[in-house]
Amino acid sequence: MSADSAPDLECRGLTKRFGDITAVKDVDFSVPAGSFFSILGPSGCGKTTIMRMIAGFLEPSSGDILIRGRSVLGVPPNKRPVNMVFQHLALFPMMNVAENIGYGLRRQGVAKAEITRRTGEVLERISLPGIGARKVSELSGGQRQRVAIARCMVLEPEVLLLDEPLGALDLKLREKMKIELKSLQAEFDTTFVYITHDQGEALVMSDAVAVMNAGRFEQIGAARDLYYRPATAFVAGFVGEANRWSGRVTRVEGDTAEVQTDAGLTLRAPADGLKTNDKVSVFVRPEAISIGPDAAAMQDQAFGTKVQVTAMLFNGANSRVLVRDPQSGSEIDVALPQSAGFANLDKGAEVQIGWTREQTLCFADTAS
Amino acid sequence: MTGRGLGFYLLLAPLVLWLGLLIILPHIDMAIVSLRTRVAPREYVPSLDNYAAFITEPLYIVTFLRTAIMSVLATVITLIIAFPISYYIAKIAKGRSQAALFLMCLIPFWVSELVRTFGWIILLRETGVISGFLQWLGLADQPIEMLYNDAAMMLGLVYTSMLFMVVPLTTTLESLDDAVIEAGYDLGGSGFSVLREIVIPHAMPGIVSGCIVVFMLSLGNYLTPTMLGGKGSLWFTELIYSQFIVRFNWELGAAFGFCLLGASSLIVWSILRLTGQTLERTMGEGK
Amino acid sequence: MIPSIPQSGAVKLIYKAYVLVFFLWLALPLATVVVFAFNDSQFPSLPWQGFTWGWFFGDARPQIGLFHERRILSSIGTSVFVAIFVSGLSVLVGTTNAFLFNRYSFPGRGLLYILMLLPLVVPGIVLGISILVFSSRIAGVVQDASGLYVDALRPGLVLVIAGQFSFITTIATLVISARLIKFDRSLEEAALNLGATPLTAVRTITIPYLLPALIGAFVVAFLMSFENFNTTLMLVGSDAPLTITMFDRLKEGSTPVLNAVSLLLILGSSVLALAMIALQRR
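So the sequences go chain by chain: A, B and C. In this text, residue positions in the first sequence follow this note's numbering: the first is 1249, and each later residue adds one. In this text, residue positions in the second sequence follow this note's numbering: the first is 3, and each later residue adds one. In this text, residue positions in the third sequence follow this note's numbering: the first is 20, and each later residue adds one.
Source of the hints: derived by calculation from the structure; they are not laboratory data. All figures in this text were calculated on a predicted structure; none of them were measured in a lab. Do not take every clue at face value.
To be verified - Each pair of labels, with its calculated beta carbon distance range: (1) C:Glu271 / B:Phe194: 49 to 59 Å; (2) C:Leu298 / B:Met206: 44 to 54 Å; (3) C:Val169 / B:Ile71: 21 to 31 Å; (4) B:Ile26 / C:Asp163: 36 to 46 Å; (5) B:Ile57 / C:Phe202: 18 to 28 Å; (6) C:Arg222 / B:Gly234: 55 to 65 Å; (7) C:Phe62 / B:Ser195: 46 to 56 Å; (8) A:Asp1446 / C:Phe202: 43 to 53 Å.
Cβ coordinates follow ideal geometry from the N, Cα and C atoms, glycine included.
Here chain A stands alone, though its shape is the one from the complex:
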């Protein structure tokens, strides 16, 4: 079965231009069978354009799209073995749930009894048995979501595309649906390609995430890699939260680079090809910063300084503290460890903070 070794979906040098604007620039990726792949990026980055090209609503300007190893260029959308869950779901309001789910089967000319059977089956699988006669408008947000997925899955597509389907849901339901989507994907064992601007959705659900910016892929990798080993400054800034400084490399010594931020902090970071005088962006995640009563507790840190608390942002397990470095005046965002002892920090208190060399993410600015 050599055909099975081909990835379910592969894009090669995919490019789309609208007049003078290039919405998608030379994008390459492949999605192995049965995985959950997300494209994460800010709105307007071109992710919807990629999705619409895969579904067949747009023709690429150049490049190729292969599904199970076969190019689908020139194949009209109704003949492609991919199905799509639309941003606002696009459930047909004039049909009930069963008619919605049976729509694709009716187009294939499947016999009536068979349609009824398969519709019932897929409703079972999304744990909504017996709602076939309901009107779409009578469903809750989460139910509509599942029906939209069932409407596609009943056709057994090679790839299911999901275009920010959780965007319209409220926060609580969105959290619940994230988990549900992941289990539905496991249940159907189909390749999901998911696009979103919400990093929480992408990180939680995906086997692999592509971070997209201005028409290009910045990095493809597992959620963990993107978070801990971002490949570019954009990824470091977009995925997760971080303190960000811009500065300049003042010295490179072995595998350590010394960076002076514009505000005057002196930091040390892994050298990784940086050269003296390079302009750089430096990122340090709030939870990477240790906090302690005095310098003695911070012996092992590459960077340490005494700071003053300017604000306490209490939010239960996600509490933060804003501190100011008296020398440079930079404000630093520090995650509050849950261990006791810090709950009583007040504005004006003096504490010691520090972090290691490895946790200092440093990227040379691209010439722009």
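Given the structure of chain A, go ahead and fit chains B and C onto it with the hints provided.
Leaving out everything else, chains B and C in the frame of chain A:
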């Protein structure tokens, strides 16, 4: 999706046939007919005689001006009567009574204009209901003829056009957020200043579209002036009718038709210009 | 001016009274017409001579009811025939127009859109005479060229249908466009995505979505055609629709049989209009 395949031409064809055969070509032909004079049976020469007759014959020009002025008057009266009603329906009545009032405005106008005019005839004529009622009350000692005068005609015109003012006005007024009116008061506005600076500017598209339609309907009306205004109504459409159907002078009738068309286009255009609206916007929203 | 803003009781009362008087004024002529349909008199006027159904069902002089009036019954038939033709055609062309303007951008689109609106601002009587002039020219050309006398191009039902169609189509286009604009194109894309061909997607998704507007446009067109007077007056031949017959009868001097016809018209159009509104609300 903007490619132009077979589908595009299949959709374009009915539009072009409709506009071409029933609107554009007939009007061009009418223009040609209006620009010729018959010199012998089935023999014509191009001339401006028909338009010259329109300008030089006092009856024609007087009738024309009178029709235009009366139509403007009917439009203004309709607007003044309709505005408080629309405001009431849109902003004061709530829920079921709002829907019911709106329906009560709509229903009479789904009935033929002829029936409505007939109703006014029964009410207003010498042997009519109002005359009889006044005699019964003792306010009149003999039958009163209230038909066949300008007031009766104006009443009929305003009545017939009312819906076309009420509907667009109500629609635009409904779209005005109550909070905006409240803010006007909150910031110290009086009832009058809120009306002048907030409500009326917001309702402008509805006012414009209502005025255009009412003016058009009055100008082109034949039935109401004939039935309620009688012989003295001097309405321009009656001239067109008599030239075409009675005198069989199509050349002059066509010229009259163009004058009517010109007058209505001019007024519609100037209303649009004065208020900064466009035909597409007003008509699209008005319906 | 709105309920949340306090206003003196007198102002409110005057306002309410004004609204009441307005609606009485609206109802007055129609109510009068209806009441006198039952007056047992030769004329639709006072004094009241007693109640009768004679103007509906009477079959002997002097009270020949409308159901025994050949001329009126046949003109109702003519009106229905014309109205069905006109509404069918205008809904058809209105639908293609709505799709054209909604789905395609092309050079001249703006101009065509304005042309499409024009019939609304051309007085009905002018529409009538322009079509009369043009059709008789064509008839003349055809007759000179081939010697054929084309009946359809002389005043008569074909021209009446053409004349009414010429402006009712604009209204049908506007009604259908208004709903098509609200249509979510992703529904059609979803249909394509689920395997429908473009035509099937339109047939199974877009047309069902448009259905209330199509029915609405049909009813509006039907009513407008039925009550049209100005355009019809210029184009009518020997088969007169109801409005023209009633107009002629009114000029001759009316009997309450016209009230009876009017009552039927009021009932008919109210039922149609209410049914349509109920359908749109659904």
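A quick look at each hint next to the structure:
| no. | hint | result |
| --- | --- | --- |
| 1 | C:Glu271 / B:Phe194: 49 to 59 Å | holds, 53 Å |
| 2 | C:Leu298 / B:Met206: 44 to 54 Å | violated, 32 Å |
| 3 | C:Val169 / B:Ile71: 21 to 31 Å | violated, 42 Å |
| 4 | B:Ile26 / C:Asp163: 36 to 46 Å | violated, 23 Å |
| 5 | B:Ile57 / C:Phe202: 18 to 28 Å | violated, 52 Å |
| 6 | C:Arg222 / B:Gly234: 55 to 65 Å | holds, 58 Å |
| 7 | C:Phe62 / B:Ser195: 46 to 56 Å | holds, 54 Å |
| 8 | A:Asp1446 / C:Phe202: 43 to 53 Å | violated, 28 Å |
Hints 2, 3, 4, 5 and 8, counting from the list given before, are not met by this structure.
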